[in-house]
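Peer 1: Below are the chains, spelled out letter by letter.
Number of protein chains: 4
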Amino acid sequence: MSNAPPLPTAGRGAKKPASQRIPAIAQPFVSDKARKLLDIIEKWVDEECIPAQAVYAAQVGTGDERWNGYPSVLDDLKKRARELGLWNMFLPRNHYSNLAEYDRYGGAGGFTNLEYGLMAELLGRSTIASEACNCAAPDTGNMEVIARYGTAEHKKKWLTPLLAGEIRSGFLMTEPDKASSDGSNISLSIRKEGNDLVLNGSKWWSSGAGDDRCKIFIVMGLSDPDNQDKYKRQSMVLVPAGTKGLIIHRMLSVYGYDDAPHGHAHITFDNVRIPASNLLLGFGRGNEIAQGRLGPGRIHHAMRSIGAAEVAQEWMIARLNDERKIPFGKPLREHGVLLEWVAKSRVEIDSSRLIVLNAAIQIDNGDAKSALTEIAQAKILTPTMACTVIDRAVQSHGAMGVCQDTPLASMWAHIRTIRIADGPDEVHLNQLGRRETRNRAQECIGRLQAQKQTSEELFRRYRVPDKQLGGSKVQGFTAKL
Amino acid sequence: MSNAPPLPTAGRGAKKPASQRIPAIAQPFVSDKARKLLDIIEKWVDEECIPAQAVYAAQVGTGDERWNGYPSVLDDLKKRARELGLWNMFLPRNHYSNLAEYDRYGGAGGFTNLEYGLMAELLGRSTIASEACNCAAPDTGNMEVIARYGTAEHKKKWLTPLLAGEIRSGFLMTEPDKASSDGSNISLSIRKEGNDLVLNGSKWWSSGAGDDRCKIFIVMGLSDPDNQDKYKRQSMVLVPAGTKGLIIHRMLSVYGYDDAPHGHAHITFDNVRIPASNLLLGFGRGNEIAQGRLGPGRIHHAMRSIGAAEVAQEWMIARLNDERKIPFGKPLREHGVLLEWVAKSRVEIDSSRLIVLNAAIQIDNGDAKSALTEIAQAKILTPTMACTVIDRAVQSHGAMGVCQDTPLASMWAHIRTIRIADGPDEVHLNQLGRRETRNRAQECIGRLQAQKQTSEELFRRYRVPDKQLGGSKVQGFTAKL
Amino acid sequence: MSNAPPLPTAGRGAKKPASQRIPAIAQPFVSDKARKLLDIIEKWVDEECIPAQAVYAAQVGTGDERWNGYPSVLDDLKKRARELGLWNMFLPRNHYSNLAEYDRYGGAGGFTNLEYGLMAELLGRSTIASEACNCAAPDTGNMEVIARYGTAEHKKKWLTPLLAGEIRSGFLMTEPDKASSDGSNISLSIRKEGNDLVLNGSKWWSSGAGDDRCKIFIVMGLSDPDNQDKYKRQSMVLVPAGTKGLIIHRMLSVYGYDDAPHGHAHITFDNVRIPASNLLLGFGRGNEIAQGRLGPGRIHHAMRSIGAAEVAQEWMIARLNDERKIPFGKPLREHGVLLEWVAKSRVEIDSSRLIVLNAAIQIDNGDAKSALTEIAQAKILTPTMACTVIDRAVQSHGAMGVCQDTPLASMWAHIRTIRIADGPDEVHLNQLGRRETRNRAQECIGRLQAQKQTSEELFRRYRVPDKQLGGSKVQGFTAKL
Amino acid sequence: MSNAPPLPTAGRGAKKPASQRIPAIAQPFVSDKARKLLDIIEKWVDEECIPAQAVYAAQVGTGDERWNGYPSVLDDLKKRARELGLWNMFLPRNHYSNLAEYDRYGGAGGFTNLEYGLMAELLGRSTIASEACNCAAPDTGNMEVIARYGTAEHKKKWLTPLLAGEIRSGFLMTEPDKASSDGSNISLSIRKEGNDLVLNGSKWWSSGAGDDRCKIFIVMGLSDPDNQDKYKRQSMVLVPAGTKGLIIHRMLSVYGYDDAPHGHAHITFDNVRIPASNLLLGFGRGNEIAQGRLGPGRIHHAMRSIGAAEVAQEWMIARLNDERKIPFGKPLREHGVLLEWVAKSRVEIDSSRLIVLNAAIQIDNGDAKSALTEIAQAKILTPTMACTVIDRAVQSHGAMGVCQDTPLASMWAHIRTIRIADGPDEVHLNQLGRRETRNRAQECIGRLQAQKQTSEELFRRYRVPDKQLGGSKVQGFTAKL
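Chains as they are written, first to last, in full-length UniProt numbering: chain A, 1 to 481; chain B, 1 to 481; chain C, 1 to 481; chain D, 1 to 481.
Since the hints were made in silico from the structure, they are not lab data.
Values in this document were obtained by computation on a predicted structure and should not be read as measured data.
Among the clues, some could well be false.
As the list claims (entries may be wrong) - Result set (DMTMM-like, lysine to aspartate or glutamate): computed pairs, CA atoms no more than 25 Å apart in a straight line:
hint	chain 1	residue 1	chain 2	residue 2
1	A	LYS452	B	GLU443
2	A	LYS16	B	ASP196
3	C	LYS155	C	ASP75
4	C	LYS344	A	ASP391
5	D	LYS369	C	ASP350
6	C	LYS16	D	ASP196
7	A	LYS330	D	ASP226
8	B	LYS330	C	ASP224
9	D	LYS452	C	GLU323
10	D	LYS78	C	GLU323
11	C	LYS330	B	ASP224
12	B	LYS156	B	ASP182
13	D	LYS16	D	GLU310
14	B	LYS79	B	GLU47
15	D	LYS330	C	ASP350
16	C	LYS452	D	ASP39
Claimed, not checked - From chain D, some residues computed to sit far from chain A (all C-beta separations above 10 Å):
hint	residue
17	ILE22
18	GLU65
19	ARG148
20	ASP182
21	GLY201
22	ASP212
23	SER253
24	LEU281
25	GLY398
26	ALA409
27	ARG416
28	ALA421
29	ARG435
30	ASN439
31	ALA441
32	ARG461
A virtual CB, placed ideally from N, CA and C, is assigned to each residue, including glycine.
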C-alpha cells in the first residue's frame, strides 16, 4: 500500500472496545469469557493482522512462483495468536471427544454460536485473521466433520494436524456442469471395488487447494445412484492430496483475483483409489453430514461479511473527512447524498447483524430444525447488504476504490461470491417463500374467513346496513338485511 | 366487506400464540405478565377488533353526518377491553404519580418499552384496537405529558377522563408553511397578557380533532422569539376544545381517506385566550417536553407498522393459496416471483422488528441519549419496510388490492404518512449519517493511519519489497527500501 | 385549493412550447399539423383545464348526491375544446368509415399513434382534460371498437352520440373471482335464446358506470365454453345502461378515492336480455376485438402517466424553490438528496417517453405483431416510473403531499392502478422474459458455440497454450495441444 | 476458455443483422453507408474478434513478462479490419483537415455521432475489437484533440502514426490526491522556463501506459495558478513517452484485473522538460480542449457498455436454456424470477440505448450546449444499467459467472469503473438536478400561481363554495365567497 496516496492527516481516535458495542438485545447471551476474548481479538486483528496483509501479499510470488511457498508473516501471526489464546475458537467443545488433544493445541473453544459469531465478525475485518487463528473455512467445517464423524484413525492422521494448524484441507462438493444448488445433482462417482473406493468425476471451486499445505480433501460423491431416496445416494469420503489420479486442472479467478497461494481449483478425479475406511459416517449418509455443516457455517460467513462491511464503512467515514477532497467547494462530509449512504449502511449493517445473531441463538437453543427460517434470513440478507455497503464505499473513493489501494474492491468481489456459494440467493428466497406460503395457508385463510363470518354476525347484531360507496346510484340501496 | 368476493375456502389453521413467537433474541426481556397479556391481546384483536372494523366504518355517517356521532361498536369494544384487563398498557407506571387513580381505571401498565412494543405490534393489526384499549395516539403521548408535567388541576380535569377513555385529545405541533422537521421553525405565537396567554397562528394535521370527544389540545407555540437559544423559544400549553377563536378550517385527507370521524384538522388560532396556568412545565421548555415524547412514541408507531405488515403478509399468503386464481394454468403459489416477494417480506419484517426491539431495550436501559441512533434506525427502517410489504400484497391482489375489499390500500396510505410525520425520513437519515461521519472521523482516520504505519514497519522487518503490479515496466522496480 | 397554504411567491417564468420540446430523436415523426395542435393543447390544459379541476371537485355533490348530476364546468370546457379544434384527436381517420359524421363533430383526428401519444402526455397533466376533449378512456377504445366492428345501427345509436360527447360508455371485462390477467378466464355467461342473448354473471371495475351519462356497456362474456380453442370461447356484446337485470351493486374506491361522479362499479348481470343484433363482430371473436384495443390504449395510458409525472416534477421544483422552507438553515434546493431525486426523475421520465414513442412508431409502421415487445416495455416501464417520480414529489412536500392540497396523492393512487389494470406488471414481465428467452435460445447458444469452436482453431493456428491460472501447481501444465 | 465446462448443445440460430435491429425511432438518422458497415462490423466482431480474445489473453506473458511484448493476434485482427474497411470510424471527417493522409490510412469515418454510436455498441461486444479497428480510447479522443488543435508538426509526429495504428497514446488528467471530478482541482505544475515547459507532479489511471507502443501522452496541468478564472488556470501539453523524469511507478488493478499489457499506470513527473511548442491550443486553454472531448466520448463509452450488456443478456439466455441445469426438477428457463430478470434487462437496455441515441442526435444537431442534459442522462443511466444487467447474468451462472469462464466478471469490473471515470455518477446527478431545479424555478412557480389565481376566478364565476372535508365539523362552513 506504500505507493498509494497518503491517508488524510488526523489524530488517533478511540472507539469503545468490542465487548461494549454488543447490541443491547444480544447482551444477555454473551459470557464474560467471550467478552474478554472479543476485546483481545479486536486489538489483534486491527493492530497486527490488518497491517500484515500487505506484507502477506508481497510475500506471495509472481508468475509460476505464485503458487508455491507460504508467506512467513502468516506463520508468525499464528504463533502470536496462540500466545494470545486465540486458537480454534470456532470449535464447540461438545463436538470434540478427545479434549486432551484439543486442549494441547490451545483450543479456545466452547463458545456458543452467538459468541463465536461475534468473534467471526471481528475476524472478518481482515483477510488473513481467520486463518491466523485456525478459524478459516473450509478447515473449520472440515474439522467439525472429522471430529464428529471421523474414526480414531482419521482424527489422528488429519484432525490432529488440522487442529494444530500444520496442514490445511479442501471441501469438494460443487461440480462444473450441475445445478449444484440442488444437492441431489452430485455426479462424481464413488464405486466400491473390494476394499477400495474408486472416484471418477470432476469438482471445482475447491478453495485452498492451491496451498502447499493442503493435505486432505473431503469429497462428496454419488455412491448409490439407484437409491429411491435421492438424498441417500451420496457419500462423503476423505481423499489425501497427492493421491494418484487426482489432477488439479487449473485455478479459477474471482473477478480478477486469483487468491494465490490458496486459490480455487478445478480438479479431475481419474480412477482415484482410496481405502474404504476413508468413508465418513456410512454409505449414503453424505447429505446428512452436509446438512449439519451448513447452519453454523452460514452464521460464520454472515458475521465475517458484517465485519467486512464495518471496515468499508470506516474507510468511507475516513474518506468523507479527507480534507484534501473538496469537490465543488464543499468537503465530502457536507454532501447530503454521501451522508445518506453512511446512514443507510449503518441501518443495514445493524439490522443484518441482529438477524444473524437471532439465528445463532436459535441454533444455540438446540433446535436447528426450527432455525431453518432464521438461518435462511441470515444467508439471504447479509452478503447482499455487505456488497451494497462496500460498493457505496468504493464509489465514494472514486478511482482509488476499484484498485489495490484499499481493501474495498477485493472485499466486494469475495463477498459477491457468497451470494452464489452454497446455493444462490434465489434458491434460498424461493424455499423461504414456499415454506411460509404453504405452511401458513390454512392459518391465514382460516383466520380471514373466521373474521369475515364474525363481521357478518356483528352487522346483524348492530342492525347496521353494510354501506358501500355509490349512494343513490346503487340499485336496492337499503338496509342490508 | 360483505359485497366483496368471497374468501377462498379452507379450514381454520392454527398458529402458535404470540408469546411463543417472540424472537429468540428478545425472550430474556419479556416478563411472564407481559407474555400472558400478549396472548390475550392477540386473540382479542383478531377475533373481536378486526371483525368490528367494517361495522365501525358502516356506523360512520355519510355527507355532513360524517363528522358527527361516534360508532357504538367501539364503545362496546372498550368495555370488553377493560373486562379483559387491556387498558392503558402503554403507560409506564413510573410516570404516573397518582397510582390510585390509574389503577381505578384498570390500567394494565408498568411494562417496559420492549414489552409494550410487542403489544403495539398486535394492536397495529387492527385500525381500531389501539383506541379500544385506550392506547391510541396522540392520546398516549398526551397522557404521558400530562402525567409527567401537568399540575394536579390539569390531571384532574384532563388526565382522569383521558385515562378513563371518556375524552380524547389533540397534539398541535406541525404548521402549514414551515419546514416542521426542524422544531425551531414553530411560529404560532403565544403572548402573555396579564394572567392569560393569547395564541395566534395556524396548525394542521391535528389528528383526532374531528372527533366529538376530543376535548383538549396540547399546543406548541413560540413564546420567546428573541431567546438566544433557539430551542428555548417554544412553550407547550393546554387549550380546551371549544375555546373562542380556535377555528377548525377544514379536514385534510390522506390519499383519498378522510379518516372520519377523527380526521386530520387544519386549525386557526385567532386570539385564543387561555389562563397562564395552562402552561406546561415552564416557559421556553416546550422542546424539552417534545423530546421526551419522541423516543417511545417512535417505538409504538414502528411496532404498529410491523403489525400492519404482518397482516398484509397474511392476506398475501391467503391470496397465493386461493384456488380460484390460476393464471396461465398455475396457481399463484407456484409463481416464483410471488414466492420471492413473500420471502423478502419475511426477512424485511423480521429484521425491522429486531431493530425496533433493540431500540426499545436501549431506551429501557435508561440511556435515552445513547438510544438516539437506535431510535433513528427504527424510525427510518420500519415505515418504508411496511409500505413495501403492503404494496407487494396489494399487487398480488390485483384490482381487489387497491379498493375497500381488503385493509391493504388503507394501511398503505396511513403508513406512508409515517415516512413524513415527525420529520421526513431524509432528515433522520441525514442526522444519522452526519453523526456517524463526524463522531467517528478521528477514530477511523486514526486507525487507518496506525495500520499503515505498522505495515511499513513490517515491510522493513520482513525485508520484502512492496511489490506492485507492473513488473519490468515499472522504473526502478527493486526492493522498496 | 383555496384553504391550502399559499404558493411561494415568484414571477412567472416561461418554457418553450410543447412542439419545441419534442425529443430530437422523435422529431422526424411529427407533422406540422400535430405540432400546431400540441401547442394549443398545452396552453388549454395548463391555463383552462387544470385551474378548473378544483371547481369540478366542488361541483360534485356530497353524501348521496355525490353520484348524481354532472359538473357544469366540464360542459363548458367541452364547448371550449371544440372551439379550439380539440376533439376526438385519438381517433385514427382510417378506422372510421363515416367520415362525414366524424367531421360533423369536429373530429381533429387522423394522427399517428406517435402524434396522439405526444398529445396524450399533455392531456395527462390534468385529471379532466381528456374527457373535456372527448379523448377519455374507456370511451376512446369503445368508439374505436364500434367504429371498426359495429353495424350501421350500432353506430347510429351509440357511436354518433359518443363522438359528440353527449353520452359516455363502459367497458366490462374484469371479473371479481378470476385471475383476469389471463383472458381465457372470463366466466360471465352469454347464452343464446331465440333472437336474444341472455347474460348472467358479475363484472367489476367498470370505470365511469357511476356517471348519469353512461349509456352503453361493451361486455365480454363466455359464449362458447366448450370450444377447443380457449381464446374463441368469448364474445363481445353491447348492453344499454338501464337494461333490466343489470344491477350496480356498489362503487369501488381507489386508495380512498371514490372518483365520483364516474366511479368504478361492481355490477351483477341477472338474466340480462339483449337482442342478438347487439353482438359485435361475431360469436367467439371477443378476444380478437380485445387484442386490437390493447396496443394503442397502452400507449395512451403510458403517455398520460408521463404527463402526470411531469406535473409532479414541476410541483417538486416549485417546492424546492419555496423560500419559506429552510430546514436546518439551508433552502430545500441546496439539499443534495433532493437534487438527486430531481435528476433521477428527469432521466427516468425521459427514458420512459422514448420507450413509449418508439413503441408508438412501431405500431404506426403497421406491424403490430412486431410491436409486441415494444408495447410491453412501455406498459411495464411507465406506471412504475410515474409512481416513483410522484412519490418523490409527495415526500418532498411533507404532509402537504399526501392530502388534497396538491394533485400528487391522487395522481399516485390512480397511476398505481395502471400497474394492475390490463394485466399486472408481473404478467407482462413474465411474457416478455419468456419470449426473449425462448425465441433467442438457438441464436445465443449457437453463436457462443461457434465462437468457442473458432477460438479453439485459433489456438491451434497461433500455437499458443491455453494458459490458465495455477502455474506450476497445475499438473501437466504444458502447451495445451 | 477450453478447460471450461462445454457449452450446452444446440444448433446455430440466426438473428436479424444489426442494420435491421435499429430501433424504429432511430431509423431516419442512419445512412445506407452506415447500415452496410454495421452489418460488416457485427459479423467481424462476433466471428473474428470475440473468438480471438482467449488467444490474446494467452499471448500476454506471465510474471514480469506480463508487461512486455504485444499479442500478435491483435496485429492480425488490425490487418483484417483494414481489409474490411473498418478503420478509424470514430473520426468525424470535418475535424480532420489533412484528408489525404486520413484517407491513406483507410479511414472509414465521416459518420454522425449517432451512426458511430451504433457501431460502438457492436465494438463494445468484444474486449479487443475497438483497438483492432483503431477506435479504442483514449486514442480516439487523443486523435481528435491533435487533429483539431495540433500543429502540423504535432500531426506529423503523432497523429499520422496514431491514425495508422502504429503507436498508442495516453491521456493524463486524474490525480491521486484530488477530487478530480472538479476539473479546477488539477495540481500537476507546468512551469515555463525559457523555451521549455517543466512538469512536476503526479497522475494516475493512465490507461494504456503499460503498452510498449504507447508513445505519447496528452497531459493536463496547472500553468497559471493565479488566474482569476479558475477554469483558465490549466493547459494541455504533449509529452513523449520516455522523456526524462517521467516515471511509471506502478500499475493499478481494477477488481483484481491488471489489464496487461495496457494497464493503468501511476506516473510521477519529476522535472519533466518538453519544448514549449508541445503546448496545445494555447496557455490556459486546457479546459476548453477537455470540454470538447467529453460529449462524443461519453456517447462512445455508453454505447460500448450497451454492447457489453447485450452480450451478458445473450450469455444469460444461453444459460437459461442449458439442458443440464435442472435445479429442483425445472429447467432454469421455467423459473419466473429469472424470466423477470431477462425482461427487466431487455427494458433497461433498450431504454438506455434510446437515451444515448437521442443525446447523439442532439450533438449531431450541432448544439452541444443544449445537449448537456441529454449527455448527462446517457452518462448516468448507462453504466449502472450495464452493471445491473451483467450482474444478473453473473448470478444466473452461479460460480461460473465470477471466474474466467465467461466474459461477465471482467465486463462488470470494467464497466463499474465508468460510474467513476470522468466524474462519479453523483456529480452528474447533482449537476443535472441543480440545473433543472434552478432553471425551471420561475417557470414552475409561475405556472402554479397562475393556475391558482385562475382557479379562484372560476370559483367566483361558477358561484360554488370551495368545499373542503369536514362537513358540519368545520366552523363557518358556508359558501366560500
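Peer 1: Check the non-interface label on ALA409(D): least C-beta distance to chain A beyond 10 Å or not.
Peer 2: Non-interface label on ALA409(D) violated, nearest chain A Cβ at 5 Å vs cutoff 10 Å.
Peer 1: Does the claim that ASP182(D) lies outside the interface with chain A hold up, using a Cβ gap greater than 10 Å?
Peer 2: Violated, since 5 Å does not exceed 10 Å.
Peer 1: Run the C-beta distances from ARG416(D) to all of chain A and say if the shortest one exceeds 10 Å.
Peer 2: violated, 7 Å
Peer 1: Does ILE22(D) sit more than 10 Å from chain A, CB to CB?
Peer 2: holds, 34 Å
Peer 1: Under the criterion that the straight-line Cα-Cα distance not exceed 25 Å, is the pair LYS369(D), ASP350(C) satisfied?
Peer 2: This hinted pair holds, its Cα atoms lying about 18 Å apart.
Peer 1: When you look at the beta carbon of ARG461(D), is every beta carbon of chain A farther off than 10 Å?
Peer 2: Consistent with the label, ARG461(D) stays out of reach of chain A, its closest Cβ about 28 Å off (over 10 Å).
Peer 1: Taken at face value, is the distance from the CA of ASP391(A) to the CA of LYS344(C) at most 25 Å?
Peer 2: holds, 19 Å
Peer 1: The output says GLY398(D) does not contact chain A. Does that hold with a beta carbon cutoff of 10 Å?
Peer 2: Since the minimum Cβ distance to chain A is about 5 Å, GLY398(D) lies within 10 Å and the statement is violated.
Peer 1: Take a quick look at whether LYS330(D) and ASP350(C) sit within 25 Å of each other, Cα to Cα.
Peer 2: Violated, at roughly 39 Å.
Peer 1: Just want to verify: SER253(D) was marked as not at the interface with chain A; is every Cβ pair farther apart than 10 Å?
Peer 2: Violated, since 5 Å does not exceed 10 Å.
Peer 1: Between LYS79(B) and GLU47(B), does the CA-CA distance stay at or below 25 Å?
Peer 2: holds, 15 Å
Peer 1: LYS452(D) and GLU323(C): Cα distance at most 25 Å?
Peer 2: holds, 18 Å
Violated hints for the displayed structure, listed by number in ascending order: 1, 2, 6, 10, 12, 15, 18, 20, 23, 25, 26, 27 and 28.
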